[in-house]
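Asks: Based on the hints, put chain B in the right spot on chain A.
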Amino acid sequence: MADAAVVAAAAAGAPLLRMRDIVKTFPGVRALDGVSFDVNAGEVHALVGENGAGKSTLMKILAGAQPADSGEIDIDGKPVVIDGPKTAERLGIGMIYQEFNLVPDLGVIENIVLGVEPRRGLFLDKPAAAVQAAKVLGELGIALPLDRPARRLSVAEQQLTEIAKCLVRKARLIVMDEPTAALTDRETDALFTLIRKLRAQNVAFAYISHRLEELPRIADRVTVLRDGKTVETRPIAAMPQDDLIRLMVGRSLEAHFPELPPVPADAPVMLDVRGVSAASGVHVNDVAFQVHAGEIVGLAGLVGAGRTEIVRAIAGADIPTKGEIAVGGERVVVRSPRTAIRAGIAQNTEDRKSQGLVRGKTVRENTTLAHLGQFVHRLFVDKRAETKVTNTEIAELRIRTPSAEQTVRNLSGGNQQKAVLAKWLIGHARVFLFDEPTRGIDVGAKFEIYTLMVELLRNGAAIVMVSSDLPEVLGMSHRVLVVRGGRIRAEFARADATPDKVIAVATGVAA
Amino acid sequence: MADANLPGASASDAAVKAVMDQRADEAAAQKRRAATIRTAGLAVGFIVLVLLVNSLAHGNFLAPGNLTNVLRQITLNTILAVGQTFVIITAGIDLSVGSIVGLCGVVMALVANTLHLGGPGTFIVTLLVGLAVGCTAGFVNALPVVRLGLPPFITTLAMMLIGRGLAFKLAHGEPIPLADSSPFEWLGTGYVLTDIPGFPGIPWVVVVMAVVVIVFAIVLGRTAYGRYVLALGGNEEAARLAGIDTRAVKTLVYVISGGCAALGGLLLMARFGSANPQNGTGAELQCIAAVVVGGTSLMGGRGTIVGTFFGALLIGVLNNVMNLLDIESYTQQIVLGAVILLAVVLDALRKRYLAAR
Chain A
1 MADAAVVAAA AAGAPLLRMR DIVKTFPGVR ALDGVSFDVN AGEVHALVGE
51 NGAGKSTLMK ILAGAQPADS GEIDIDGKPV VIDGPKTAER LGIGMIYQEF
101 NLVPDLGVIE NIVLGVEPRR GLFLDKPAAA VQAAKVLGEL GIALPLDRPA
151 RRLSVAEQQL TEIAKCLVRK ARLIVMDEPT AALTDRETDA LFTLIRKLRA
201 QNVAFAYISH RLEELPRIAD RVTVLRDGKT VETRPIAAMP QDDLIRLMVG
251 RSLEAHFPEL PPVPADAPVM LDVRGVSAAS GVHVNDVAFQ VHAGEIVGLA
301 GLVGAGRTEI VRAIAGADIP TKGEIAVGGE RVVVRSPRTA IRAGIAQNTE
351 DRKSQGLVRG KTVRENTTLA HLGQFVHRLF VDKRAETKVT NTEIAELRIR
401 TPSAEQTVRN LSGGNQQKAV LAKWLIGHAR VFLFDEPTRG IDVGAKFEIY
451 TLMVELLRNG AAIVMVSSDL PEVLGMSHRV LVVRGGRIRA EFARADATPD
501 KVIAVATGVA A
Chain B
1 MADANLPGAS ASDAAVKAVM DQRADEAAAQ KRRAATIRTA GLAVGFIVLV
51 LLVNSLAHGN FLAPGNLTNV LRQITLNTIL AVGQTFVIIT AGIDLSVGSI
101 VGLCGVVMAL VANTLHLGGP GTFIVTLLVG LAVGCTAGFV NALPVVRLGL
151 PPFITTLAMM LIGRGLAFKL AHGEPIPLAD SSPFEWLGTG YVLTDIPGFP
201 GIPWVVVVMA VVVIVFAIVL GRTAYGRYVL ALGGNEEAAR LAGIDTRAVK
251 TLVYVISGGC AALGGLLLMA RFGSANPQNG TGAELQCIAA VVVGGTSLMG
301 GRGTIVGTFF GALLIGVLNN VMNLLDIESY TQQIVLGAVI LLAVVLDALR
351 KRYLAAR
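In the order they appear, the protein sequences are chains A and B.
Per this note's numbering, the very first residue in the first sequence carries number 1; after that it's consecutive.
Per this note's numbering, the very first residue in the second sequence carries number 1; after that it's consecutive.
Chain A with its partners taken away, still in its complex shape (with noise of 0.2 Å):
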């Protein structure tokens, strides 16, 4: 008896969310190595770190989204086990992710009561919908169109009947996934204005944001991650910008990276880029640089930044609409991704799986892809021809696969990587862009990818590389250039690109 009245009291001062040590594992990483957050009862709690850190890992496990490996979640003290998103929604956890989950064709009121739909014996009650979405809008004090179907809102407006969706599903803890990345100053402003005033109503907040400037205006306590483990946790005010910027990316860069050979003097330019602008996702617009023979050219920036849709504009992926593109001296008109690969230009992708690798073929099958006319010999492909091809590949990248007739969805993440990078050495080109070359492979294979871009170094490749693995930008990168809203914001070479800086120009902190 006297254990129950230390566990009731303990209950009572018990934070509404307690997270311990939750453990999370994916095919080759470890995506959060024992990570603890509590939230209390209303307060905004901000959640930071740098892409992949762990963030919203972490969060789709508290969303039930995803299971744990291990660890423990605590609501109200009492200990939880979050099986799926309907148990999350019973517990009082309303999750809103960056990407909402609005049906698109179906107006206002029908989304806030989605799967909690008032009910008249079989049928439903539209009535008691439009009154209890009505109620719930009134309280927040706003104003929706309520028959308008969702994809004819504004984001701001879907956000809003995201908030609503949750409030009418009585959550106490709400999570938002980067919630200002597509609202204006504005709409943010009415944004925070509305996260006070459910505060005030003991609703809690786990709030994600890369905008480190508006964590002061709106958390009441920050935790930071990295690389999926706590960092530490602080109230907001006793958290000045540069400690927060340390300890996202304060991580030793040195012995990472095999060493940059120096870009000779004499280098000719190998890529130059005028004046691009392409209109698809985020904008680019008028970006201009000069990548030299020799010289690794990192494109740094947060997600979103448009750091993607420059090299896909590069690449013909999507086609510019404005400026030009040269490699080696000759200028090229790029309209479509063949006319790139002809010119030179090979493109790694950002996301192997969708656009990289036919996963359901061969290793073979995916090698010779972009080149098979290589193989053509009187109108068949000579299959002797591309195994030899494919199997010099696998040896000289350490493609760990049983034989080049495995199909490729079987390799790990590292191989995958690598079977990509084989299509394109196998042609010509002088150009390579490497879009998140190392994103979910382990450290070895990173190091492969690493020494094998100083080897197209030294044959006279230029290279640009995205990350959004910061230490990796600065540490394999002869100059950094920063990129915001779709255009490159500043740029640093080698010696000047310390992290603090390029953070402070990614997240708008400086100009």
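In case anyone wonders, no lab produced these hints; they're calculated from the structure.
Just to be clear, a hint being listed does not mean it is correct.
Said to hold, decoys possible - Not the full set, but computed from the structure, chain B residues with beta-carbon under 10 Å of chain A:
| id | residue |
| --- | --- |
| 1 | G226 |
| 2 | L230 |
| 3 | A242 |
All C-beta atoms, glycine included, are put in the ideal place defined by N, C-alpha and C.
Replies: Frame of chain A, contents of chain B only:
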């Protein structure tokens, strides 16, 4: 599976390469062995089944005349299914092939009746015009698919209606008899290899079917174009980023399908000496069934022409056997439906088994 060794820590490239070559040979040999065993098993099972059926049908099934009959009966479906296989591998579908059969037949009959070239000339010009119409219809099918990203289900459904309507309009709703069917008789009713005693010979249509199957099996399995079709079906964006002209590759699969349908229209016209605008009604679903039973994935990326041939053969044999056993036609439909369902369920289970390993 971890990438444990860093470069420099393991054997030289040459040694690794030698090992890889050896492994590739071994893997290939192992695949061949597995394929042989599987084929042998299937063959034994098939023979037992055939003997059983044959005895049930009082020996009528294995009569030489009946076997060529089966092949003759599956000709149209096989040829349509070959074209359909290409479309389905790209994760598309072509619902218009049945109507194109009817339309091309009517157009070819009209052309043949206005030509006075005599014999082979009439035949060749008629065939070329028919192929042109079929391929054009396929091209029109593809245009909104590759340019606007519309679902092929809709564009080919529209073509199905348009093609059938055109066929009836051009034919004024009546079958068009050939004024002179002589240039087409060899194809419609002729046989080759008739001079072997005790052997009825092989119908020309079966030869045509065999040529179509072999040619397109080689196109899909051995040429760069075939590889691109498979790659596009497996991952269209990856194929595009690898520099493949995915629009052209995709357009061509619909053109091939339309061309195959035109050929089907010719065969029917040659067989009956007239072109009925109703020809090919429902053929699109028959050939899709053959393709699916033949192991081609409706999700795209996987499939073979030889598989499709055996799919069509299986359905044809089943129909034939049920006829020989005097099973009424309603029951036949039920059995056929069940077989198709069984085929895809087995395929799904096989995939699940492979994924779980």
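Asks: Now look at each hint and say whether the structure bears it out.
Replies: Hints, one by one, checked against the model:
Because the closest C-beta pair between B/G226 and chain A is about 8 Å apart, less than 10 Å, the hint holds. The closest approach between the C-beta of B/L230 and any C-beta of chain A is roughly 7 Å, which is under the 10 Å cut-off, so the hint is satisfied. The criterion of a C-beta within 10 Å of any C-beta in chain A is met by B/A242, whose closest approach is roughly 4 Å, and the hint holds.
Checked against the numbered hints listed earlier, the structure breaks none of them; every hint is satisfied.
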